[in-house]
Each structure stands twice: as structure tokens, then as C-alpha cells.
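Here the sequence shown stands for residues 1282 to 1562, where the numbers follow the working numbering.
Where hints are given, some of them may not hold.
[To be verified] Calculated lysine-lysine pairs in the PhoX-like style (CA-CA distance at most 25 Å, straight line):
#, residue 1, residue 2
1, K1463, K1429
2, K1405, K1541
3, K1546, K1522
4, K1484, K1502
[Unchecked claim] Listed next, with one range per pair, are the computed distances between beta-carbon atoms:
#, residue 1, residue 2, range
5, P1519, L1424, 14 to 22 Å
6, P1352, E1556, 23 to 31 Å
7, I1547, K1368, 16 to 24 Å
8, M1530, Q1336, 36 to 44 Å
9, D1364, P1466, 27 to 35 Å
10, L1516, A1365, 43 to 51 Å
Because the hints were derived from the structure by calculation, they are not lab data. From the three backbone atoms N, C-alpha and C, an ideal C-beta is built for every residue, glycine too.
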Amino acid sequence: MLDRTGKDWLIAMYELYFDDSGTSAQSQIAVAACYISRKRGWDEFVKEWDDVAYQEGFSGQAFHMAHFLAPKEQQKKPWCDWDADKKKHVYSRLAGVINTNKQIGIAVAIPKDVYASLPERIRKYHGSEHYTFAVRMCLMRILDWRIKSQITLPMQYVFDWEEPWTAKHQEISSLMGGVHEKLQPFFGLDGGGFSFQHKEVYKPLQAADVLAWQMNNYMPKIYPQGEREEDMERLLHPGFKLLRMYQEMDLGFFAEPNMKAWVQKIEEYEETYGEYYDKTI
1282 MLDRTGKDWL IAMYELYFDD SGTSAQSQIA VAACYISRKR GWDEFVKEWD
1332 DVAYQEGFSG QAFHMAHFLA PKEQQKKPWC DWDADKKKHV YSRLAGVINT
1382 NKQIGIAVAI PKDVYASLPE RIRKYHGSEH YTFAVRMCLM RILDWRIKSQ
1432 ITLPMQYVFD WEEPWTAKHQ EISSLMGGVH EKLQPFFGLD GGGFSFQHKE
1482 VYKPLQAADV LAWQMNNYMP KIYPQGEREE DMERLLHPGF KLLRMYQEMD
1532 LGFFAEPNMK AWVQKIEEYE ETYGEYYDKT I
């Protein structure tokens, strides 16, 4: 990444990589997922990720969970030629690379019909795209992590590629570019910035793709009641367990009950202070 602050980016700066899942019109759930680490951590990640790709036979190809787990008849090579044991082995290695080099994983999943049922004035502020709302909720978790970890250094936000004319690109650009100047340091945007990049080149985006897929796969299993600790052992995909157990993660599952509670708080705020708007971003 570019050094925009005059500081040693290798030592000091953080990079955050965002990907999504379920943003197609056919999907019922929208997910935003990201991993954060220092520049040095991502350098090690890329080296180790490339080593796995070379040793396991997919060097030069981007890793997409949707292709990795696609039915054999779709002919997504080389994945379609692998048996279950090979896939389990490769996934375990990649999960290990992610866990070793990331500092935290943050993600939010929300059923689209739940978001669509929110009052229009709230959706108008938070974005017409379900994914934009998920990103906004991730940003609040990132803010919380930075405060708790006493992190004040800038961060580069890297989103998976979107064409500039798409609604998703425009809403994310408006969200990230619209953070008030006085609040930018809290999100690390004062010396960082944001961009849209291709995961074939910016390989940490492939790690975010893995987390996003697991979130999208898990959400229908816990909807509408939300995640309950007593159900996790039974419902968690083994691959998701690898990413979550003994790892620093902050994951949000926006089922109907907690969304209703959130709207109720907004309405209580409006009764006291007037029209709602988020004071942070």
C-alpha cells in the first residue's frame, strides 16, 4: 500500500480488507466481513498463502469459497478435481494462515427482508444497499476495537472491487468519504484512506471472502432466533469453527429480535431529541 503519512508503513500502519457475500439479488442474506492486521502481518500472510497455493496446486489462482465448494459439474478447476479429504486439508492450511497473521476478524450478517422492514427514514440514512448497512455496523465494531486496543495509528480500508457506477461502490464511497474530519482519527482514516481492489492482486481479500462465506452459510441456521451458545457446537460449520475457536473475532448476527430492539431505541431517542441520525458516521 502507499505510504501516505511519512511514517514507516511496514512497522506502523494497519490494513483492513473487506469482502461481502450474498449481495446478489437471489440471496436472502447480506454479509460484510473483514480482517485487520499490520502491514507486516499481511506481508507474512501473502507469503504463506502463496506457499500453500503452490504446494497444493492452485498457484496463480484466486481462492473463492464459492468456487472451492461448487458442485463438481460446474467444473471450477482445480477444485472440482479434489476429493473431500484434499479440500479439508487445504482449507485447514489456509485457515491456519489467516489465524496466524490476522489481528481480528469482524463481520456482520443481516437477512435482507429484516432490513427492508425497517422504517424508511432509517434505511434512507443507513443506505439502500443491505451491504452498506452491514459495512456501517462493521465500522462501529472496528471503532470499538480500536478504542479498547488503544490503537491510534492510521488504517487503510480495502474493499473488494466494484465498478464505480454500481450502487454499492457509490454508497460505500459516500459512507467512507463522508466521515466527519474530526471523527476520522477514531477510524484511522486521517492518515489512511479507502480503495476498491481486485482480490487476485490484493490477496488478503481472499481471506475476507472465506469469512464472508462462512457468515452467509451460518446465518440461515440461526435465523430468526439469533445465535445461542447452546446451539453453536451443533450448528457451526467445521470450517467456521477453525476461524472462531480461540481467535479474536467480533461477529454480529442481526436477527429480527435485536433489530426490533434497535429500532425501539431509535424511536425512544426521537421522542426525546427529535429526528434520528447517527452522530458518529
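Results for each hint:
1. K1463 with K1429: holds, 19 Å
2. K1405 with K1541: The given pair, whose Cα atoms are some 17 Å apart, holds under the 25 Å limit.
3. K1546 with K1522: Status violated; Cα separation ~33 Å.
4. K1484 with K1502: violated, 29 Å
5. P1519 with L1424: 14 to 22 Å: violated, 32 Å
6. P1352 with E1556: 23 to 31 Å: Violated, at about 49 Å.
7. I1547 with K1368: 16 to 24 Å: violated, 44 Å
8. M1530 with Q1336: 36 to 44 Å: With Cβ atoms ~27 Å apart, the hint is violated.
9. D1364 with P1466: 27 to 35 Å: violated, 50 Å
10. L1516 with A1365: 43 to 51 Å: violated, 20 Å
Violated hints, listed in ascending order, are 3, 4, 5, 6, 7, 8, 9, 10; each of the other numbered hints is respected by the structure.
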